[in-house]
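Protein chains: 2
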Amino acid sequence: MSPATATSSRDLPHPARGDIRLQALLHALSDPMRLQIVRELAADGDELSCSHFDLPVTKSTTTHHFRVLREAGVIRQIYRGTAKMNALRRDDLDDLFPGLLDALLAAAARQAARLGG
Amino acid sequence: MSPATATSSRDLPHPARGDIRLQALLHALSDPMRLQIVRELAADGDELSCSHFDLPVTKSTTTHHFRVLREAGVIRQIYRGTAKMNALRRDDLDDLFPGLLDALLAAAARQAARLGG
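In order, the protein sequence lines correspond to chains A and B.
Residue numbers for the first sequence follow my numbering, so the first one is 1 and each next one is one higher.
Residue numbers for the second sequence follow my numbering, so the first one is 1 and each next one is one higher.
Pulled out of the complex, with its shape left as it was, chain A reads as follows (with noise of 0.2 Å):
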């Protein structure tokens, strides 16, 4: 990573908008427990700690779910201080594929009241 692009060594790599792609969002959002991280964060529209999330799994499993979400390009990670944020990278999905992240929210939504999800 270039000086330009990594102002700390604690930035996290990110896919450019461009190096996005259909297949690896989806496997990315074909777990449950990633699906609930992104429902979450939609709701809340902001920026949302890891620990926010109360996940019935390992620690270093959640972990492993965000840094899965992060490299598809469906969230953003930044250290805060000592929190790790996450967000959704929604202007970008929306721009490189427009209604697909509200077309799967609604999906998610839909089974989850079916289902009592």
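Simulated from the structure, these hints should not be mistaken for lab results.
Treat the hints with caution; some may be incorrect.
Unchecked claim - Partial selection, computed: residues in chain A whose CB lies under 8 Å from chain B: (1) LEU22; (2) LEU26; (3) LEU29; (4) PRO32; (5) LEU35.
Stated by the list, open to error - Pair by pair, the computed Cβ-Cβ distance ranges are: (6) A:LEU115 to B:LYS59: 34 to 44 Å; (7) A:ARG80 to B:PRO13: 46 to 56 Å; (8) A:GLY81 to B:SER60: 46 to 56 Å; (9) B:ALA16 to A:ALA109: 18 to 28 Å; (10) A:GLY81 to B:SER51: 56 to 66 Å.
Quick reminder that beta carbons are idealized off the backbone N, C-alpha and C, glycines included.
For this one, chain A is given, so just place chain B on it according to the hints.
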């Protein structure tokens, strides 16, 4: 399988509409080859035989991809004579997740146009 649902030993198992899950659908479409199959079925709008698809993989891999799509509830596979025919389960998917299939197809077309896929 009861005689009422399996009229022939060659009938293939399909999930009922209510058993189709968003996660399985997204997983099925997260593979480039399977996404391509679905795009061709959607573009054609009719049943297509497995041999119609000229995929750059072995026959057993092709069979695997069709099975994943069938078990996720994305396609219906029916034997007609010696041919195995494939059709999108558009009615089922549109009923469960209105707008999602079209959003996914539009996203795939958009990415293919952008990347020359």
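Hint check:
no.: 1; hint: LEU22; result: holds (5 Å)
no.: 2; hint: LEU26; result: holds (4 Å)
no.: 3; hint: LEU29; result: holds (5 Å)
no.: 4; hint: PRO32; result: holds (6 Å)
no.: 5; hint: LEU35; result: holds (7 Å)
no.: 6; hint: A:LEU115 to B:LYS59: 34 to 44 Å; result: holds (37 Å)
no.: 7; hint: A:ARG80 to B:PRO13: 46 to 56 Å; result: holds (50 Å)
no.: 8; hint: A:GLY81 to B:SER60: 46 to 56 Å; result: holds (53 Å)
no.: 9; hint: B:ALA16 to A:ALA109: 18 to 28 Å; result: holds (22 Å)
no.: 10; hint: A:GLY81 to B:SER51: 56 to 66 Å; result: holds (60 Å)
In summary, the structure agrees with every hint in the numbered list given earlier.
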